[in-house]
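Student: Here are the chains, one letter per residue:
There are 2 protein chains.
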Amino acid sequence: MKYSYVSHLICPKCNKTYDHNEVNQLCSCGSPLLVKYNLDELAKDVSKEDLVGRSASLWRYHELLPVVDEKNVVSLGEGMTPLLPMSAVGKDMDIPNLHMKDEGIIPTGTFKARGAAVGVSKAKELGVKELAMPTNGNAGAAWALYAARGGIKSTIVMPVDAPKITRNEVAVSGADLYLVDGLISDAGKMVGQAVKEYELFDASTLKEPYRIEGKKTMGLEIAEQMGWKMPDVILYPTGGGVGIIGIYKALNELKELGWVEGKLPRLVAVQAEGCAPIVKAWEEKKSVSEFWNDSETVAFGINVPKALGDFLVLEAVYQTDGCAIAIEDQALLEEQQKIAELEGAFICPEGAATFVAARRLREQGWIKENEVVVALNTGAGIKYPDTVKVDVPVLQKNEFLQK
Amino acid sequence: MKYSYVSHLICPKCNKTYDHNEVNQLCSCGSPLLVKYNLDELAKDVSKEDLVGRSASLWRYHELLPVVDEKNVVSLGEGMTPLLPMSAVGKDMDIPNLHMKDEGIIPTGTFKARGAAVGVSKAKELGVKELAMPTNGNAGAAWALYAARGGIKSTIVMPVDAPKITRNEVAVSGADLYLVDGLISDAGKMVGQAVKEYELFDASTLKEPYRIEGKKTMGLEIAEQMGWKMPDVILYPTGGGVGIIGIYKALNELKELGWVEGKLPRLVAVQAEGCAPIVKAWEEKKSVSEFWNDSETVAFGINVPKALGDFLVLEAVYQTDGCAIAIEDQALLEEQQKIAELEGAFICPEGAATFVAARRLREQGWIKENEVVVALNTGAGIKYPDTVKVDVPVLQKNEFLQK
Numbered sequence: 055m056k057y058s059y060v061s062h063l064i065c066p067k068c069n070k071t072y073d074h075n076e077v078n079q080l081c082s083c084g085s086p087l088l089v090k091y092n093l094d095e096l097a098k099d100v101s102k103e104d105l106v107g108r109s110a111s112l113w114r115y116h117e118l119l120p121v122v123d124e125k126n127v128v129s130l131g132e133g134m135t136p137l138l139p140m141s142a143v144g145k146d147m148d149i150p151n152l153h154m155k156d157e158g159i160i161p162t163g164t165f166k167a168r169g170a171a172v173g174v175s176k177a178k179e180l181g182v183k184e185l186a187m188p189t190n191g192n193a194g195a196a197w198a199l200y201a202a203r204g205g206i207k208s209t210i211v212m213p214v215d216a217p218k219i220t221r222n223e224v225a226v227s228g229a230d231l232y233l234v235d236g237l238i239s240d241a242g243k244m245v246g247q248a249v250k251e252y253e254l255f256d257a258s259t260l261k262e263p264y265r266i267e268g269k270k271t272m273g274l275e276i277a278e279q280m281g282w283k284m285p286d287v288i289l290y291p292t293g294g295g296v297g298i299i300g301i302y303k304a305l306n307e308l309k310e311l312g313w314v315e316g317k318l319p320r321l322v323a324v325q326a327e328g329c330a331p332i333v334k335a336w337e338e339k340k341s342v343s344e345f346w347n348d349s350e351t352v353a354f355g356i357n358v359p360k361a362l363g364d365f366l367v368l369e370a371v372y373q374t375d376g377c378a379i380a381i382e383d384q385a386l387l388e389e390q391q392k393i394a395e396l397e398g399a400f401i402c403p404e405g406a407a408t409f410v411a412a413r414r415l416r417e418q419g420w421i422k423e424n425e426v427v428v429a430l431n432t433g434a435g436i437k438y439p440d441t442v443k444v445d446v447p448v449l450q451k452n453e454f455l456q457k
Numbered sequence: 055m056k057y058s059y060v061s062h063l064i065c066p067k068c069n070k071t072y073d074h075n076e077v078n079q080l081c082s083c084g085s086p087l088l089v090k091y092n093l094d095e096l097a098k099d100v101s102k103e104d105l106v107g108r109s110a111s112l113w114r115y116h117e118l119l120p121v122v123d124e125k126n127v128v129s130l131g132e133g134m135t136p137l138l139p140m141s142a143v144g145k146d147m148d149i150p151n152l153h154m155k156d157e158g159i160i161p162t163g164t165f166k167a168r169g170a171a172v173g174v175s176k177a178k179e180l181g182v183k184e185l186a187m188p189t190n191g192n193a194g195a196a197w198a199l200y201a202a203r204g205g206i207k208s209t210i211v212m213p214v215d216a217p218k219i220t221r222n223e224v225a226v227s228g229a230d231l232y233l234v235d236g237l238i239s240d241a242g243k244m245v246g247q248a249v250k251e252y253e254l255f256d257a258s259t260l261k262e263p264y265r266i267e268g269k270k271t272m273g274l275e276i277a278e279q280m281g282w283k284m285p286d287v288i289l290y291p292t293g294g295g296v297g298i299i300g301i302y303k304a305l306n307e308l309k310e311l312g313w314v315e316g317k318l319p320r321l322v323a324v325q326a327e328g329c330a331p332i333v334k335a336w337e338e339k340k341s342v343s344e345f346w347n348d349s350e351t352v353a354f355g356i357n358v359p360k361a362l363g364d365f366l367v368l369e370a371v372y373q374t375d376g377c378a379i380a381i382e383d384q385a386l387l388e389e390q391q392k393i394a395e396l397e398g399a400f401i402c403p404e405g406a407a408t409f410v411a412a413r414r415l416r417e418q419g420w421i422k423e424n425e426v427v428v429a430l431n432t433g434a435g436i437k438y439p440d441t442v443k444v445d446v447p448v449l450q451k452n453e454f455l456q457k
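Here the protein sequences line up with chains F and Z, keeping their order. When the letters of the first sequence are read in order and numbered with my numbering, they come out as residues 55 to 457. When the letters of the second sequence are read in order and numbered with my numbering, they come out as residues 55 to 457.
In case anyone wonders, no lab produced these hints; they're calculated from the structure. Warning: the hint list may mix true and false statements.
Which copy is meant is left open, so a pair is good if it fits within one copy or across any two.
Each computed BS3-like pair below joins lysine-lysine, with the alpha-carbon atoms no more than 27 Å apart [to be verified]:
| hint | residue 1 | residue 2 |
| --- | --- | --- |
| 1 | K457 | K261 |
| 2 | K317 | K250 |
| 3 | K360 | K451 |
| 4 | K218 | K457 |
| 5 | K261 | K67 |
| 6 | K392 | K102 |
| 7 | K218 | K243 |
| 8 | K317 | K125 |
| 9 | K218 | K443 |
| 10 | K207 | K443 |
| 11 | K360 | K90 |
| 12 | K183 | K392 |
| 13 | K392 | K443 |
| 14 | K392 | K218 |
Using the sequences and the hints given, assemble the complete structure.
Tutor: What follows is the structure in structure tokens.
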């Protein structure tokens with residue numbers, strides 16, 4: 055029995071293959087690479103019942119992950135996040151079987167931890183000594199901290215306007231932190247130069263093949279937590295889109311293994327109205343997106359004007375009869391408040407967008423009343439304290455509390 | 055088979071008993087009440103092997119929790135937080151078997167979620183419609199959010215200087231939030247008045263019996279995660295002390311059930327030098343503490359000048375041959391940084407204090423090299439962003455990144 059059944063890397067555009075035992079970034083054709091596994095062999099050796107009793111982390115799926123030797127695993131205990139019934143909000147929007155996969159309950163407070171855990175572990179296995187990446191905040195925080203745990207140096211470049219909490223996370227990790235008076239695209243250019251000049255490993259989104267494998271575990275967990283049944287609909291806040299690509303990949307692998315059966319869930323790419331390149335492409339029935347100019351949204355995690363993996367996101371949406379939908383900032387902020395009041399969950403703006411999307415799609419009849427729906431919340435609200443407005447008077451000592 | 059084996063409440067001071075089916079606060083003698091279980095019956099009906107495959111939340115221990123009917127459980131998926139090996143920091147302080155129980159990976163980002171989950175669930179079971187509490191921040195945030203999920207109204211009073219993130223958490227929950235220009239003791243007086251005036255349930259620390267039961271699950275999880283073996287030492291950051299009381303109670307219950315054997319771990323109460331009433335009492339071999347005047351520490355979660363349950367904390371320390379130790383702010387902030395750099399974990403100042411304590415106790419020989427040691431981190435560093443100082447230059451667009 056092997057720890058991992060990884061076989062090789064493949065380019066989804068030109069089908070060129072690569073060796074997973076060597077450091078690889080993009081395909082020579084410029085496309086991101088995907089990881090392949092010996093699923094036939096895995097299916098013979100392992101059954102889904104073997105997972106029972108394993109540790110409550112994403113490493114319970116180690117056979118379906120790319121790390122060959124367990125000693126290279128760099129973990130802070132990430133994964134097996136709660137899949138919560140959302141009965142009150144579900145009643146409010148007439149979706150009784152509404153659930154939330156809560157990715158706020160994970161090291162560093164966002165789903166970025168999954169990609170960082172698997173990406174850093176594989177980088178360690180391949181002997182990487184130093185990595186670099188641009189970030190809007192959460193990904194950089196996760197990669198910097200996991201790299202520190204893995205003994206890998208990191209260089210993180212972040213817009214000066216990125217949230218202060220994530221800046222502090224990077225700083226405390228001991229990473230080389232650079233702030234740029236510009237956008238993440240400016241940070242990306244600097245990283246590109248530094249990667250060449252200093253021969254660093256480029257950990258930018260989808261420029262290394264293993265972040266998808268980490269994100270994939272969200273799909274594996276949803277299936278296992280639902281008793282190896284798939285929901286009818288999964289809604290995902292889509293910026294770079296690695297999560298939706300990963301979930302689609304996961305569910306296809308589970309089908310091939312025979313661990314789940316039937317039709318895949320309809321995958322919904324949820325974007326912000328101020329940055330909706332995937333929605334536009336989907337509406338125009340295109341297979342790639344165009345750069346979205348002057349993008350703007352409070353949900354900064356999905357402020358991605360052009361994703362490197364856009365064609366993979368759109369494939370996942372088309373192949374599952376899903377859809378793409380854009381939400382206004384005002385609506386998602388109101389939904390964030392409503393979910394806290396009705397469900398006690400303080401979620402992030404990106405996550406709130408998926409609930410507005412569910413509400414709208416139910417109103418339009420695209421989601422049926424009896425369908426099982428999972429909305430992904432990608433991060434903890436506490437990482438975005440400024441999205442909540444507080445205006446209460448200050449009492450003096452010994453003043454009587456008037457209700 | 056019953057969902058809970060709860061039997062009654064008992065006063066640890068005067069032994070008076072109370073019915074767990076009725077709303078109770080303090081004993082008539084003024085002491086906090088403790089929850090008792092039919093452990094003999096539980097031991098006959100349930101074995102620790104029955105836990106395998108249960109959900110990764112603290113409700114896996116429902117037989118040892120006070121909620122009688124599962125339908126009253128109010129959960130956001132809390133519990134089964136990671137127990138992480140801390141090899142690098144352990145090597146640095148010559149404790150190779152050093153572990154961290156990371157309570158940052160839980161809804162609301164601190165261990166307060168455990169007390170709130172169980173406390174709110176039992177309040178719901180008892181028909182409570184509205185609760186009130188004073189808070190320095192994290193407890194109020196947790197109780198307000200869990201109360202919202204449980205359909206219970208809440209009134210939270212908080213010093214105006216309490217951390218903004220926790221203020222926002224309370225506000226977003228829809229709770230009645232009051233800020234007071236004073237200390238938590240001033241907030242406590244206001245809550246006391248409001249509880250009487252408006253007939254509210256008083257959810258102040260240890261004024262209801264069930265918060266301890268939630269915190270207890272940290273002890274249950276440590277035992278299970280170590281394969282039903284107990285560590286030699288557990289270090290706990292001690293403010294109100296509910297956690298250390300709970301862990302002591304948990305391990306005693308597990309011993310009585312026969313699920314663990316041998317000597318209890320030595321429990322260490324870790325406090326801040328600027329607020330160390332338990333340490334002073336322990337040094338003077340007293341069974342209760344005195345009010346600590348002008349208390350001050352950056353680790354605001356352990357800024358508690360006089361704990362209602364001080365005698366229970368001291369009992370836990372004495373009975374396990376533990377000790378109490380105070381740490382300076384400067385040392386715990388340096389340790390916080392070191393742990394992020396060496397282990398990739400951004401922990402809270404209170405948690406960092408336990409690592410300084412382990413370091414000192416090892417230097418003194420009180421902890422032996424081969425002992426198995428667990429340090430409790432009670433919250434995520436992201437809830438305390440201001441404990442990290444960041445001073446990096448801002449680059450201009452297109453500037454070359456000089457390493």
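Student: Hint by hint, note whether the structure agrees.
Tutor: Evaluation of the provided hints:
Taking identical chains as interchangeable, the C-alpha atoms of K457 and K261 lie at most 27 Å apart only when they sit on different chains, with a minimum of 22 Å there against 56 Å within one chain. Taking the shortest alpha-carbon separations for K317 and K250, neither the intra-copy value of 45 Å nor the inter-copy value of 58 Å comes in at or below 27 Å. Taking the shortest alpha-carbon separations for K360 and K451, only the inter-copy value of 19 Å comes in at or below 27 Å, while the best intra-copy value is 54 Å. For a Cα distance limit of 27 Å, the shortest separation of K218 from K457 across copies, 23 Å, qualifies, whereas the shortest one inside one copy, 36 Å, does not.
Only within a single protomer do K261 and K67 lie at most 27 Å apart by alpha-carbon distance; the minimum there is 14 Å, versus 64 Å between protomers. Taking the shortest alpha-carbon separations for K392 and K102, neither the intra-copy value of 37 Å nor the inter-copy value of 40 Å comes in at or below 27 Å. Only within a single protomer do K218 and K243 lie at most 27 Å apart by alpha-carbon distance; the minimum there is 22 Å, versus 35 Å between protomers. In the homo-oligomer, the alpha carbons of K317 and K125 never lie at most 27 Å apart, since the shortest distance is 37 Å inside one protomer and 32 Å across protomers.
Taking the shortest Cα distances, K218 and K443 sit within 27 Å of each other both inside one copy (18 Å) and across copies (11 Å). Proximity of K207 and K443 under a CA criterion of 27 Å is satisfied inter-copy only: 20 Å between copies versus 38 Å inside one chain copy. With identical chains, the CA atoms of K360 and K90 are at most 27 Å apart within one copy only, with a shortest distance of 26 Å there and 59 Å across copies. Taking the closest pair of Cα atoms, K183 and K392 come within 27 Å of each other only across two copies (20 Å); inside a single copy the shortest separation is 45 Å, beyond that limit.
Taking CA atoms no more than 27 Å apart as the test, K392 paired with K443 passes inside one copy only; the shortest distance there is 14 Å, against 35 Å between copies. In this homomeric assembly, K392 and K218 come within 27 Å of each other (Cα to Cα) both inside a single copy, at 26 Å, and across copies, at 20 Å.
In this structure, the earlier hints numbered 2, 6 and 8 are contradicted, and the remaining ones agree with it.
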